[in-house]
Amino acid sequence: MIRTVISLFRSDVNPADRVVPPSSYTANLTVLTAAAMAFLAVFALALSMASGRLADRWSDALARSATVRISAPPEQAEIQTQAVLEALKSTPGVASYRVLGDDEMKKLLNPWFGPDLPVETLPLPTLIELTETAQGMDAEGLRLRLAAEAPGAVLDDHTRWRRPLVEAAGRLRLLGGLSLLLIGGAMAGMITLAAQASLAANGQVIRTLRLVGARDTFIARAFERRFTIRGLLGAAAGTLIGMLAVAMLPSANAAGGFLTGLGFTGWGWLWPLILPPLAAVVSFWATRAAARHMLRGIR
Amino acid sequence: MIELQNVAVGYGGTDLLAEMTLKLVPGSFHFLTGPSGAGKTTFLKLCYAELLPSTGFIGLFGQDVRRMGRDDIARTRQRIGVVHQDCQFLDHLPVAENIALPLTVAGRHVDVGELKELINWVGLRAQSNALPPQLSGGERQRAALARAVMTSPEVILADEPTGNLDWEMSLRLLALLVELNKMGKTVVIATHDLNLIRQAKAQISARVLRIAGRRLHLAGADL
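So the sequence lines, in the order shown, correspond to chains Y and V. Going by the numbering used here, 273 is the number at position 273 of the first sequence; the sequence numbering is gapless. Going by the numbering used here, 510 is the number at position 211 of the second sequence; the sequence numbering is gapless.
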């Protein structure tokens, strides 16, 4: 069994594969290309997955909370606040709510106005922070109700903040996916060139094989197998090194920023493992296309 | 077996060979002569479908060569053993593997006993593990002949097989081809060596074809 698996990786063991001369620089180039591309693909994949997580996190965090701002004349403020609290109490999907105190308002304004702000002397609106249940609330319905019962109250469910953030994260994810496609395309192109160079260098071998009765399939297969195995091994090495590099990045918890969150989590570590077989498939088809193209010119 | 009817072939609009008609019957022995550049190699290439005729019909084992797909051509070449002028070996493979090549590419089992027997028959036992570049001219020609007959083909086409050989070696190679013909194989030898042809005609019944003036003529009486 072990010998069979090893023989699969040693193209010189199979008599049909031995018809192609042993390793040339093009074969080594294929290994190097596959390794480099797989290494880059691991990072593109990590970027794509980190963006996905970021989009989910931002979306989730902002989607569950909302704020009601009450801007009313001083004599109306208390009445409208009570009206809003009553409305929230009976609104399905609202898990909790609370009026922000002066200290919290001060903390919110601190970055803009400094620590010595006399909050009590300013005509600040009343803020009510609310948290939604997992099922969520009917924001439009609540808005209509507030408009009727507390005209000075405005519900802000953070949609206008959330949307661009989530869109940005989604685009980052898209860029990651696009990078993966470009890397795959570049790898296919480079392996095609390497295969073409190898086929051209072995032109006399191919002509001889045709003359002794070899079918195109036989000749193409000898090259396909060689390049597929090289692509697989190269990509496996590149993936492994890429995964180690990603694993060595600073932990997401250390700084909490996006860049430090670049990496894989949990089952996500399995995703890069599809890169070597994918590289093998790309190598196989790129070599097949190059071989068929070359063989058309030989009778 | 191999049939040419009014065949012409040319390069760049000029006919190199024209009005060629010939039918190779099983078990026949033909010599193809003519001055250098007359088109002997081109004629042989037509016979194993490396070249297509400009006009006329070529039938290989009953198939119109123009209608043959690439796989058909490959299969047909497994029935035609060709000894090329420059032998055309895979230099990275030992002689024995080169001789077995037609079986390898056909996906057929290589009987080691038969392979050894064939290598002994052409007198290359000591060289069976050598690489082709290590062989002398005569050894290369004999290895090429062994490769050509490996699949027990019905037709053997030899292009100047004695071109680089001394007389003694030429006779040895001729003896092998005559032996194959006696086994029922159809043999066509392209050569300009008239002494070789006379030597063969003393042993077997051989037709001599001559390419001259772009056409194929039946010769022989003058040899």
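Derived by calculation from the structure, the hints in this document are not laboratory data. One should not assume that every hint holds.
A few chain V positions that, by computed beta-carbon distances, are all more than 10 Å from chain Y [as the list claims (entries may be wrong)]:
#1 Leu323
#2 Glu349
#3 Ala511
Pairwise CB distance ranges, derived in the manner of DEER restraints [claimed, not checked]:
#4 V/Ser504 with Y/Leu193: 53 to 63 Å
#5 Y/Gln204 with V/Ser451: 24 to 34 Å
#6 Y/Pro22 with V/Asp410: 22 to 32 Å
Positions of the beta carbon are idealized from the N, C-alpha and C atoms, including for glycine.
> So does serine 504 of chain V sit 53 to 63 Å from leucine 193 of chain Y, Cβ to Cβ?
Replying inline: holds (56 Å)
> Is it correct that the beta-carbon of glutamate 349 of chain V has no partner in chain Y closer than or equal to 10 Å?
Replying inline: violated (5 Å)
> Far enough from chain Y: is every CB of that chain over 10 Å from the CB of alanine 511 of chain V?
Replying inline: The claim holds: alanine 511 of chain V sits with its nearest Cβ about 27 Å from chain Y, beyond 10 Å.
> leucine 323 of chain V clear of chain Y by more than 10 Å, beta carbon to beta carbon?
Replying inline: Leucine 323 of chain V is indeed farther than 10 Å from all Cβ atoms of chain Y, at 19 Å.
>> Is 22 to 32 Å respected by the C-beta to C-beta distance linking proline 22 of chain Y and aspartate 410 of chain V?
In response: Given about 26 Å between the Cβ atoms, the range holds.
>> Verify the CB-CB distance for glutamine 204 of chain Y and serine 451 of chain V against the hinted window 24 to 34 Å.
In response: holds (26 Å)
Consistency note: the structure conflicts with earlier hint 2 alone.
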